[in-house]
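Chain order of the listed sequences is A, B and C. Residue numbering for the first sequence follows full-length UniProt numbering, beginning at 1 and increasing consecutively. Residue numbering for the second sequence follows full-length UniProt numbering, beginning at 1 and increasing consecutively. Residue numbering for the third sequence follows full-length UniProt numbering, beginning at 1 and increasing consecutively.
Think of the hints as simulated: they come from the structure by calculation, not from any bench. Heads up, a few of these hints could be off.
Stated by the list, open to error - The list that follows gives simulated cross-link-like pairs (lysine to aspartate or glutamate, DMTMM-like), each with its CA atoms no further than 20 angstroms apart: (1) K247(B) <-> D28(C); (2) K116(B) <-> E40(C); (3) K387(B) <-> E89(A); (4) K387(B) <-> D34(A).
Please read these numbers as outputs of a predicted model, since none were measured by experiment.
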Amino acid sequence: MTIPTELKYTESHEWVKDNGDGTVTVGITDHAQDALGDLVFVELPEVGKQLAAKDACAVVESVKAASDIYSPVGGEVTAANEALDGAPETINEDAYGEGWIYQLKLSDPSELDNLLDAGAYEQVLADEG
Amino acid sequence: MLIHEQSRPGRRATAQAPLTTADSSDLPTALRRKQRAALPEVSELQAVRHYTRLSQQNFSIDTNFYPLGSCTMKYNPRACNSLASLPGFLARHPAAPESHSQGIMACLYELQDMLKIVTGMHAVSLAPAAGAQGELAGVMMIRAYHDARGDHERREILVPDAAHGTNPASAIMAGFKVREAPTGSNGDVDIAALRDAVGPQTAGIMLTNPSTVGVFDRNIQAIAETVHEAGGLLYYDGANLNAILGKVRPGDMGFDVIHMNLHKTFSTPHGGGGPGAGPVGVSKRLEPYLPIPLVEQDGDSYRWLDEDDRPETIGRMTAFGGNMGILLRAYIYARMLGAEGMRRVSEFATLNANYLLKRLQEAGFQAAYPERRASHEFIITLKQEAKTYGVNAMDFAKRLLDFGYHAPTTYFPLLVPECLLIEPTETEPKEALDGFVEAMTQIRKEAEETPEKVKGAPYTLPLRRLDDVRAARQLDVAWKPASQPASQPTSQGA
Amino acid sequence: MPFIPHTDDDIAGMLDAIGVERIDDLFDEIPTELRAKGLEGIPDGLSEMEVAQLLQARAREDGQALCFIGAGAYDHHIPAAVWQITTRGEFYSAYTPYQAEASQGTLQVLYEFQSMMTALTGLDVSNASLYDGASALAEAVLMAVRANRKVKNARVLMPRSVHPFYRRTVRSIVRHQGIELVEVDFDHRTGQTRVADCEAAGDEPFAALVIPQPNFFGVLEDVDALTDWAHARDALVIGVVNPVALALLSPPGDWGSEGADIACGEGQPLGMPLASGGPYLGFLCCTQAQIRQLPGRIAGKTLDADGKVGYTLTLQAREQHIRRSKATSNICTNQGLLVTAATIHMSILGAEGLERVAAACHANTSRLADSLCEINGVEPLFDAPAFHERALRLPAPAANILSDLAANDILGGFDLGREYPELDPALLVCATELRTDADIAAYREAMARALAIADAA
Numbered sequence: 001m002t003i004p005t006e007l008k009y010t011e012s013h014e015w016v017k018d019n020g021d022g023t024v025t026v027g028i029t030d031h032a033q034d035a036l037g038d039l040v041f042v043e044l045p046e047v048g049k050q051l052a053a054k055d056a057c058a059v060v061e062s063v064k065a066a067s068d069i070y071s072p073v074g075g076e077v078t079a080a081n082e083a084l085d086g087a088p089e090t091i092n093e094d095a096y097g098e099g100w101i102y103q104l105k106l107s108d109p110s111e112l113d114n115l116l117d118a119g120a121y122e123q124v125l126a127d128e129g
Numbered sequence: 001m002l003i004h005e006q007s008r009p010g011r012r013a014t015a016q017a018p019l020t021t022a023d024s025s026d027l028p029t030a031l032r033r034k035q036r037a038a039l040p041e042v043s044e045l046q047a048v049r050h051y052t053r054l055s056q057q058n059f060s061i062d063t064n065f066y067p068l069g070s071c072t073m074k075y076n077p078r079a080c081n082s083l084a085s086l087p088g089f090l091a092r093h094p095a096a097p098e099s100h101s102q103g104i105m106a107c108l109y110e111l112q113d114m115l116k117i118v119t120g121m122h123a124v125s126l127a128p129a130a131g132a133q134g135e136l137a138g139v140m141m142i143r144a145y146h147d148a149r150g151d152h153e154r155r156e157i158l159v160p161d162a163a164h165g166t167n168p169a170s171a172i173m174a175g176f177k178v179r180e181a182p183t184g185s186n187g188d189v190d191i192a193a194l195r196d197a198v199g200p201q202t203a204g205i206m207l208t209n210p211s212t213v214g215v216f217d218r219n220i221q222a223i224a225e226t227v228h229e230a231g232g233l234l235y236y237d238g239a240n241l242n243a244i245l246g247k248v249r250p251g252d253m254g255f256d257v258i259h260m261n262l263h264k265t266f267s268t269p270h271g272g273g274g275p276g277a278g279p280v281g282v283s284k285r286l287e288p289y290l291p292i293p294l295v296e297q298d299g300d301s302y303r304w305l306d307e308d309d310r311p312e313t314i315g316r317m318t319a320f321g322g323n324m325g326i327l328l329r330a331y332i333y334a335r336m337l338g339a340e341g342m343r344r345v346s347e348f349a350t351l352n353a354n355y356l357l358k359r360l361q362e363a364g365f366q367a368a369y370p371e372r373r374a375s376h377e378f379i380i381t382l383k384q385e386a387k388t389y390g391v392n393a394m395d396f397a398k399r400l401l402d403f404g405y406h407a408p409t410t411y412f413p414l415l416v417p418e419c420l421l422i423e424p425t426e427t428e429p430k431e432a433l434d435g436f437v438e439a440m441t442q443i444r445k446e447a448e449e450t451p452e453k454v455k456g457a458p459y460t461l462p463l464r465r466l467d468d469v470r471a472a473r474q475l476d477v478a479w480k481p482a483s484q485p486a487s488q489p490t491s492q493g494a
Numbered sequence: 001m002p003f004i005p006h007t008d009d010d011i012a013g014m015l016d017a018i019g020v021e022r023i024d025d026l027f028d029e030i031p032t033e034l035r036a037k038g039l040e041g042i043p044d045g046l047s048e049m050e051v052a053q054l055l056q057a058r059a060r061e062d063g064q065a066l067c068f069i070g071a072g073a074y075d076h077h078i079p080a081a082v083w084q085i086t087t088r089g090e091f092y093s094a095y096t097p098y099q100a101e102a103s104q105g106t107l108q109v110l111y112e113f114q115s116m117m118t119a120l121t122g123l124d125v126s127n128a129s130l131y132d133g134a135s136a137l138a139e140a141v142l143m144a145v146r147a148n149r150k151v152k153n154a155r156v157l158m159p160r161s162v163h164p165f166y167r168r169t170v171r172s173i174v175r176h177q178g179i180e181l182v183e184v185d186f187d188h189r190t191g192q193t194r195v196a197d198c199e200a201a202g203d204e205p206f207a208a209l210v211i212p213q214p215n216f217f218g219v220l221e222d223v224d225a226l227t228d229w230a231h232a233r234d235a236l237v238i239g240v241v242n243p244v245a246l247a248l249l250s251p252p253g254d255w256g257s258e259g260a261d262i263a264c265g266e267g268q269p270l271g272m273p274l275a276s277g278g279p280y281l282g283f284l285c286c287t288q289a290q291i292r293q294l295p296g297r298i299a300g301k302t303l304d305a306d307g308k309v310g311y312t313l314t315l316q317a318r319e320q321h322i323r324r325s326k327a328t329s330n331i332c333t334n335q336g337l338l339v340t341a342a343t344i345h346m347s348i349l350g351a352e353g354l355e356r357v358a359a360a361c362h363a364n365t366s367r368l369a370d371s372l373c374e375i376n377g378v379e380p381l382f383d384a385p386a387f388h389e390r391a392l393r394l395p396a397p398a399a400n401i402l403s404d405l406a407a408n409d410i411l412g413g414f415d416l417g418r419e420y421p422e423l424d425p426a427l428l429v430c431a432t433e434l435r436t437d438a439d440i441a442a443y444r445e446a447m448a449r450a451l452a453i454a455d456a457a
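Bound conformation, chain A alone (with noise of 0.2 angstroms):
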């Protein structure tokens, strides 16, 4: 199970990359995909919505799950990840890379403080056991 180091993360298994330019990309961790199994579908937030943290904004479904994904920081959604339309399993195979869900712009770039780095979630996944 890996967890880059460079990632911040959430109690929820979601994890966001800092782009550097008042934006973030915001995906589910290799954890969370191993848990669902199989994705067999992603339902993406619409481009433009407003999100707060911890909104609901889109959710990831295996054969036998579904699962809500919360927005790790507020924002506005700035891209949402259309590859996935067709190719939900592109989360199994590279959940930190191509199988990013969407992209935020910021709206209060100190909301990234209350995340986790990689130590305090593996620290997560280990208490959950």
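We have chain A already, so just place chains B and C on it with the hints.
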């Protein structure tokens, strides 16, 4: 092979339709179909053979032990079908006048009455078409009750985390918010957590008792008191009524509204996924809100009650008052059982469940709640087997099919890992239960010695394990003709 | 003991294995004060023979009157094979096909049913049934409001020409979802819902327009104009259709320039007996774009581990057992057995057979209406083309006439004044393919007599 793939242009079962085509030339051309629908073109024999063969690819109660937890797969007496199919019942139009309906109305009235008695409720409506619709009617009545009192703040329904998915989904359809009530480690609702959860926002709680984890909640009186004191109402999900029929009545437990699944407790056929029937029962204070129609006795005859008689009703759930044919089957079953037979239903369902649980435990399987008495069903957890042999509950389920047993319910309720929810019902003989234990024991031996064999199951059915992921990713939910179908409609009359 | 196989030896052995003395000990976790004292009022059990005698007497009591009522349930011929196969134990006593490998019979039937319904409606996908036509319309309304991404408000235009019981059912089921059902009147000369009637609903956007075809009066709506009008306003179009009529009429998928988005209706005419109103089946079809908003079970094609074609329930993450409070609907049990009957029925009749049934119903009803209108004072209420029902104006109170007819074992139709006071006194009549010339003549004669009595009084 699909029936569509056996189709040949111009072939058909001629004797089953009118022999001539009547004139319909007055229908405006613009509103007419341009191309005949691509329905199969086959002979009667082809259709009969095709669907007979398809039926043979099903497991069913009539052919297999079917211990599917929470579904009460008991024997469906054949008399219920043949008597509900008497011509006088089948031919009656739903809008026929009461003068031509007294026979069926007598049956429905008596069924309402029997269900009232056996559940301890004040009044019953037979209108909801299935359990989930009964739930919706039930929570809508709770809402109507609070609204009528001007108590508009009560917008939250409590639902135990182990509840059927229909409970939260029904509450949402009735415009409520859902709050989960946690189940304690002993299988009962966590009373302390419940006390914290109730308040002026509480409209009610939806409970199944015995619960979905297969035990009778011993704190039911305390739960009722807690919710009632907070101003909420108690909803009884009758999914597990088979466990207590004639033994305990939901009305006596303090419930204000209940639904019953007649296709479970009252043995109407499950039909490959329905139809069901989901009558609702209520305490006196909710009676005005019952869904319509209802049957009332008026001297020597029966009459329908509708919107005019019940202005506060939550209304109609279907166009014509429910699944009448199913209600008739339940009525026939209830008359054959009688009071004594109803009591025996729960007694022998419970006897079978506890016996099967005990035998499985002796065979080394782990009960989810070993210190508890089983109700009419119980849960075993295969987490040990999953960990040790890498063979999970679904693998056991699929391998059971090879032994001729329908699998128990798997992965429900979600709070017990690698679970099988097993409900043998009262109509199975001891030999069937013993055979099931032998099969489970054999499968565990296979899991230990040749786990790949179990993981690859089933082997003896028409198909091997099916790829659910492919079905969802490469959606194909309807056959489409490769090219345009051959025959053209007769555009004008004869 | 009815349906319980246990012998005394079985019981003793099982109790011994469990380690209790009596069956009653198994209920020891239930507080004693809650235990039911008795079931007073529930009669003693009957043998199969006794219950058969009772039921036969009651079925006889309801008789078999000559039925000229339609109003949403139609008396069609059902090929003998349909129910003989449908009630085979393997279909009758199976449950929801969650174990796909042990349920290929049911699953393939569902897939074939879905295929046939998409063929009839001209839409891309179908679910595997809902409870009945009225509850299917309620689900269609909920679905359209969820699915319409362009119009965010929850107004739905509901013509008064939609079956009144359907409108009531929709009201009951959707009332707590903040949906505004806007009634649209019909033209009292033609019985049709015109674009002008829809425009009277105001300029405010709306999420969907419901279009019945044929409508409750049997009258054919101008579906193309209505569909294009609604689409031009970014609304979705929900067709409420009769599946037998679809053998002759333009399918919802062909309506207007883009086709309707959703079609629903009552499957009863496809092989289900009248049976007092149920069990029937509701069908719901839609375009591919809306499939994730479609409620209810859906069977899909896939492959097994050896690459052989098979069927399984799919897109289950929409449903309550997975999605719980966020499911598309609370529906679980549907009308599986009726789906089986409908599928066999459609296979045996085929498109041409259904077309013959539809044409015969249309012709018989025309003949019935013409024949009744020969009686002084009886006349057609509307002048637009109709399918297999006709609204007739009567010269006397409909309730009295109907009860006179019923006394002669003729069910003369549906009293329209009960639901549409402005049309009173009027009757909605129907003659399916089963009504013979002699039946129609008998009705005419009885009607003439009843009206003569009414006139004299």
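Structure-based check of each hint:
Annotation: proposed proximity of K247(B) to D28(C) holds, straight-line Cα distance about 11 angstroms (limit 20 angstroms). Taken as a hint, the K116(B) and E40(C) pair is honoured in the structure, with Cα atoms around 11 angstroms apart against an allowance of 20 angstroms. The suggested pairing of K387(B) with E89(A) is violated, with an alpha-carbon distance near 27 angstroms, which exceeds 20 angstroms. Taken as a hint, the K387(B) and D34(A) pair is honoured in the structure, with Cα atoms around 17 angstroms apart against an allowance of 20 angstroms.
Figure legend: structure checked against the earlier numbered hints; the only hint not met is number 3.
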